[in-house]
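**Student:** Each chain is listed here by its residues.
2 protein chains.
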Amino acid sequence: MTSEMHPSRWGDPTMAGELPESTRDLVEIALGIQETPAVGEVSLPPSRLQPGLLDELAQLLGAEHVLTDDEQRRLRTRGKSTPDLLKARAGDLSDAPDAVVRPGSHADVENLISFAVRHHVALVPFGGGTCVTGGLAARREGYAGLLSVDLVRLKALRDVDRRSMTAVLEPGLRGPEAEALLAEHGLVLGHYPQSFEYASIGGFAATRSSGQASAGYGRFDAMVVGLTVATPQGTLDLGSSPANAAGPDLRQLVLGSEGTFGIITAVRVRVKELPAEKVYEAWQFGSFAKGADAMRHLAQNNLMPTVLRLSDEAETALNLASQSDVGGEANSGCLMIVGHEGPADASATGSVVGRRALVADALTRLGGVSLGEERGTAWAEGRFHAPYLRDSLLDVGVLAETLETATFWADRERVYTAVRDALTHELGEQTIVLCHISHVYETGCSLYFTVATGQDEDPLGRWAAAKAAASQAMIDAGATITHHHAVGTDHLPWFAQEIGPVGVSILRSVKDGLDPTGVLNPGVMIP
Amino acid sequence: MTSEMHPSRWGDPTMAGELPESTRDLVEIALGIQETPAVGEVSLPPSRLQPGLLDELAQLLGAEHVLTDDEQRRLRTRGKSTPDLLKARAGDLSDAPDAVVRPGSHADVENLISFAVRHHVALVPFGGGTCVTGGLAARREGYAGLLSVDLVRLKALRDVDRRSMTAVLEPGLRGPEAEALLAEHGLVLGHYPQSFEYASIGGFAATRSSGQASAGYGRFDAMVVGLTVATPQGTLDLGSSPANAAGPDLRQLVLGSEGTFGIITAVRVRVKELPAEKVYEAWQFGSFAKGADAMRHLAQNNLMPTVLRLSDEAETALNLASQSDVGGEANSGCLMIVGHEGPADASATGSVVGRRALVADALTRLGGVSLGEERGTAWAEGRFHAPYLRDSLLDVGVLAETLETATFWADRERVYTAVRDALTHELGEQTIVLCHISHVYETGCSLYFTVATGQDEDPLGRWAAAKAAASQAMIDAGATITHHHAVGTDHLPWFAQEIGPVGVSILRSVKDGLDPTGVLNPGVMIP
Numbered sequence: 048m049t050s051e052m053h054p055s056r057w058g059d060p061t062m063a064g065e066l067p068e069s070t071r072d073l074v075e076i077a078l079g080i081q082e083t084p085a086v087g088e089v090s091l092p093p094s095r096l097q098p099g100l101l102d103e104l105a106q107l108l109g110a111e112h113v114l115t116d117d118e119q120r121r122l123r124t125r126g127k128s129t130p131d132l133l134k135a136r137a138g139d140l141s142d143a144p145d146a147v148v149r150p151g152s153h154a155d156v157e158n159l160i161s162f163a164v165r166h167h168v169a170l171v172p173f174g175g176g177t178c179v180t181g182g183l184a185a186r187r188e189g190y191a192g193l194l195s196v197d198l199v200r201l202k203a204l205r206d207v208d209r210r211s212m213t214a215v216l217e218p219g220l221r222g223p224e225a226e227a228l229l230a231e232h233g234l235v236l237g238h239y240p241q242s243f244e245y246a247s248i249g250g251f252a253a254t255r256s257s258g259q260a261s262a263g264y265g266r267f268d269a270m271v272v273g274l275t276v277a278t279p280q281g282t283l284d285l286g287s288s289p290a291n292a293a294g295p296d297l298r299q300l301v302l303g304s305e306g307t308f309g310i311i312t313a314v315r316v317r318v319k320e321l322p323a324e325k326v327y328e329a330w331q332f333g334s335f336a337k338g339a340d341a342m343r344h345l346a347q348n349n350l351m352p353t354v355l356r357l358s359d360e361a362e363t364a365l366n367l368a369s370q371s372d373v374g375g376e377a378n379s380g381c382l383m384i385v386g387h388e389g390p391a392d393a394s395a396t397g398s399v400v401g402r403r404a405l406v407a408d409a410l411t412r413l414g415g416v417s418l419g420e421e422r423g424t425a426w427a428e429g430r431f432h433a434p435y436l437r438d439s440l441l442d443v444g445v446l447a448e449t450l451e452t453a454t455f456w457a458d459r460e461r462v463y464t465a466v467r468d469a470l471t472h473e474l475g476e477q478t479i480v481l482c483h484i485s486h487v488y489e490t491g492c493s494l495y496f497t498v499a500t501g502q503d504e505d506p507l508g509r510w511a512a513a514k515a516a517a518s519q520a521m522i523d524a525g526a527t528i529t530h531h532h533a534v535g536t537d538h539l540p541w542f543a544q545e546i547g548p549v550g551v552s553i554l555r556s557v558k559d560g561l562d563p564t565g566v567l568n569p570g571v572m573i574p
Numbered sequence: 048m049t050s051e052m053h054p055s056r057w058g059d060p061t062m063a064g065e066l067p068e069s070t071r072d073l074v075e076i077a078l079g080i081q082e083t084p085a086v087g088e089v090s091l092p093p094s095r096l097q098p099g100l101l102d103e104l105a106q107l108l109g110a111e112h113v114l115t116d117d118e119q120r121r122l123r124t125r126g127k128s129t130p131d132l133l134k135a136r137a138g139d140l141s142d143a144p145d146a147v148v149r150p151g152s153h154a155d156v157e158n159l160i161s162f163a164v165r166h167h168v169a170l171v172p173f174g175g176g177t178c179v180t181g182g183l184a185a186r187r188e189g190y191a192g193l194l195s196v197d198l199v200r201l202k203a204l205r206d207v208d209r210r211s212m213t214a215v216l217e218p219g220l221r222g223p224e225a226e227a228l229l230a231e232h233g234l235v236l237g238h239y240p241q242s243f244e245y246a247s248i249g250g251f252a253a254t255r256s257s258g259q260a261s262a263g264y265g266r267f268d269a270m271v272v273g274l275t276v277a278t279p280q281g282t283l284d285l286g287s288s289p290a291n292a293a294g295p296d297l298r299q300l301v302l303g304s305e306g307t308f309g310i311i312t313a314v315r316v317r318v319k320e321l322p323a324e325k326v327y328e329a330w331q332f333g334s335f336a337k338g339a340d341a342m343r344h345l346a347q348n349n350l351m352p353t354v355l356r357l358s359d360e361a362e363t364a365l366n367l368a369s370q371s372d373v374g375g376e377a378n379s380g381c382l383m384i385v386g387h388e389g390p391a392d393a394s395a396t397g398s399v400v401g402r403r404a405l406v407a408d409a410l411t412r413l414g415g416v417s418l419g420e421e422r423g424t425a426w427a428e429g430r431f432h433a434p435y436l437r438d439s440l441l442d443v444g445v446l447a448e449t450l451e452t453a454t455f456w457a458d459r460e461r462v463y464t465a466v467r468d469a470l471t472h473e474l475g476e477q478t479i480v481l482c483h484i485s486h487v488y489e490t491g492c493s494l495y496f497t498v499a500t501g502q503d504e505d506p507l508g509r510w511a512a513a514k515a516a517a518s519q520a521m522i523d524a525g526a527t528i529t530h531h532h533a534v535g536t537d538h539l540p541w542f543a544q545e546i547g548p549v550g551v552s553i554l555r556s557v558k559d560g561l562d563p564t565g566v567l568n569p570g571v572m573i574p
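Going down the list, the protein sequences come from chains A and B. For the first sequence, the positions run 48 to 574 when our numbering is used. For the second sequence, the positions run 48 to 574 when our numbering is used.
Since the hints were derived computationally from the structure, they do not count as laboratory data. For clarity, every value in this text was computed on a predicted model and none was experimentally measured. Even for Gly, the Cβ is constructed at its ideal location relative to N, Cα and C. Treat the hints with caution; some may be incorrect.
[Unchecked claim] Capping the alpha-carbon separation at 20 angstroms, the derived lysine to aspartate or glutamate pairs in EDC-like fashion look like this: (1) Lys558/A with Asp559/B; (2) Lys337/A with Asp208/B; (3) Lys202/B with Asp284/B.
[Said to hold, decoys possible] Footprint (simulated), chain B over chain A, 3 or more residues, beta carbon under 8 angstroms: (4) 261-275; (5) 530-542.
Assemble the whole structure, with the sequences as input and the hints as a guide.
**Tutor:** This is the structure:
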């Protein structure tokens, strides 16, 4: 695994191979694609930062932590949405930062913020660079420059409290790094978004992230018990207790703030014992509705496994077609993945074997058919690889992207249909729309859509129209604009509708109070 | 049960009898009290509201919903802290509102807020009047008057969604009223603070309340999935989904805002199936530390019962002394109450019998000795009666009050000792300090202190000094100023220390944005 990602692709370039000839034929026939798109010549705009400012930055952080070379700037350009990748492939790196700076401490971050306020320079916090909603494409007009604040030097596990089962993590730690440090203490965080291999602790907090195992370990916002945040007004230290009634929970105002209120320099998280056993199994349900009802039953009866996912009929069919070596049964219906992580000892409380039996019993009573572990294990092994498949698809001219929402159980069917209809209406017949539920609550669930169609002449324009139609369908149906991808810049118009003018005014008030000159990630998250 | 409370006492006056002669003797000897305090002559300041404003209010709400008679104003004076009661007993009703208004709809509340802004009148939302931290004693200097906004007419169960397991409740519903309406649908909310019989849904939300069964049903902030709030800037409607990543969770900014950002007119809550069985049992542990360790084990191993409480040695001794009819064993150590509510059918998931066996097994392994159901049932029957005992104690010259905090497990012992020491140092030898843990999390717990000493000549001054010392001890030990009593006006100085100047500035920014003229509960919650 490489630690940095090219702006036009995901992760390690050796991981995204060419599609097999058979899949490629399928893609060409199904989506009507005949030509492989040209990859444009990449050119970078020159850095606009005045030499005097660069000198001052070098004095603040050390010259070796102020980087202006093309490669470093290119690597911090935008995030990993399909439009981001398409722009980079077309040679458009106009959103490149003017420089990359690497603070090494909370004090460095404070100094950097003072510098930014003093010279009206925009600061874009950078963790893993995995944002898919334009959160790294801050507004730069009117600023003396734009700095990518790479938190790569803030990588310490600062404290482990085994009695309270908490740990203090620095924001630059990527998912696997944080887990490796915790594992040395026999502990686990358990936060596995699809971006896990690259995304950072600071990013998880700033975007109020959810992971594939949030059913068992909880959402990231439920894991956070304390936060340290550098703001233009000084340092904010939150987290006196697990929970309290001391005014509004300000931790929840920082979580999801996407670098616009301050830069998170430490996160105190709740941790768990490292699970001795992990089992992933597959189940089949007759329909998406029946599978969703089974999930609802588990959530409303305190029977949650660690991982719980359900593909709709279309995603199930494609998934099984691409894994045709894994048995021949169950070519219809909907596939559910159920994972259990915990103690291996059957007599231990919450043992995998005990919980697995309880959940299996419930799923069987609700009409599920066990398909065994093979497909579950295959899912677990490939759980972080979907972005590589997207690269391969983009290579052959497919426009592939995802979008997601969440709603209450009573509205699940209606939201599902509205978003599907909006996408197919906008993109036309030769479009594949797949959906799965990956996050389940007592009162509702997420809906995650994967879309594939041909790139045609104007893939960016085509996708923008489809995304807008799907987003409006979510809001019109009363659902959220994003369950776990955050707001960024892409979701702003619909986020404004979701929280309404009074909600928007609250965010603006907080922003104006904390960052009156607007140097922190300008244009992001706040409509 | 009467529906309204006299400002000098709790609840139904027939419930607080005289102390038995034997207990009274004990109080006199232990706390050195010889005289029963005199109860002062009660007089009310005249209403300061100009007749023109009263006429306008009558036009807005109907004359029958604008009340200025002494009795109505007296019943809305302050809350139920011991200082509140002592002031009322001494005849000081200087904090009485100028009038009581009763809006009957969200539109009425909006109109009332417009009226308040127009004429610079302070609005104090009133639900159950059970606040113990001065949250009903808003600042009135500089205002044309102060209105108690009694939400008693907003008492509807507006929607039940059995599929999503949510219900929309209006803020004026008191605890038992909300549960009775939900019970007609076979549902339960499960929120039982000690103030349950009088406190309201709006108050639960506005103060980020916890209940005695929060271990099982969750804190009130975890129950809320949606909120409607009337603010001077318009209506705020939050709750598009169970959870999401669409910016900060603004619901958590309204929860705990204590009427300073807006008036809550509807709350969408997660509900559960009405439990068919409820069992409360008692356990004995050798020490407070051993009992707390057992609680920690349950919380960190997903073994939480519905109710989980632990008294320290002093509280246990007093509790057993006052219940001497209940068996003779276990006169030492610490008493734990463990409650289970859920399905009666042993084969149902989460059945009481199944969970009870798991928890009992764990507690036995951790050194607990089961004392059976008798004391557990006695606790459950008397669970809402402590405020009546306080009235009886105040009647005979005892200064009795409670205060509470929360901290992480690693700091529990240190915080416990620091607060006890501060109280006994300030109040002197003849003081009883009892403590229990009533709320347990994976990472920490609450600590709830009950204090009893003689009233002496200046009970208000004595208590103010003791409360200040205990509060500073909490903050100095890194704990929170309040786990479940909210900020009000009494906790402001320590709340400011807890969240720091940047935290305070955030609250002020939100306040200035939503309520620029400061008519909503002025002087409360925001330092």
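**Student:** Compare the structure with each hint and give your call.
**Tutor:** Here's how the hints hold up against the structure:
| no. | hint | result |
| --- | --- | --- |
| 1 | Lys558/A with Asp559/B | holds, 13 angstroms |
| 2 | Lys337/A with Asp208/B | holds, 19 angstroms |
| 3 | Lys202/B with Asp284/B | holds, 19 angstroms |
| 4 | 261-275 | holds (count 3) |
| 5 | 530-542 | holds (count 7) |
In the structure shown, no violation is registered for any of the earlier numbered hints.
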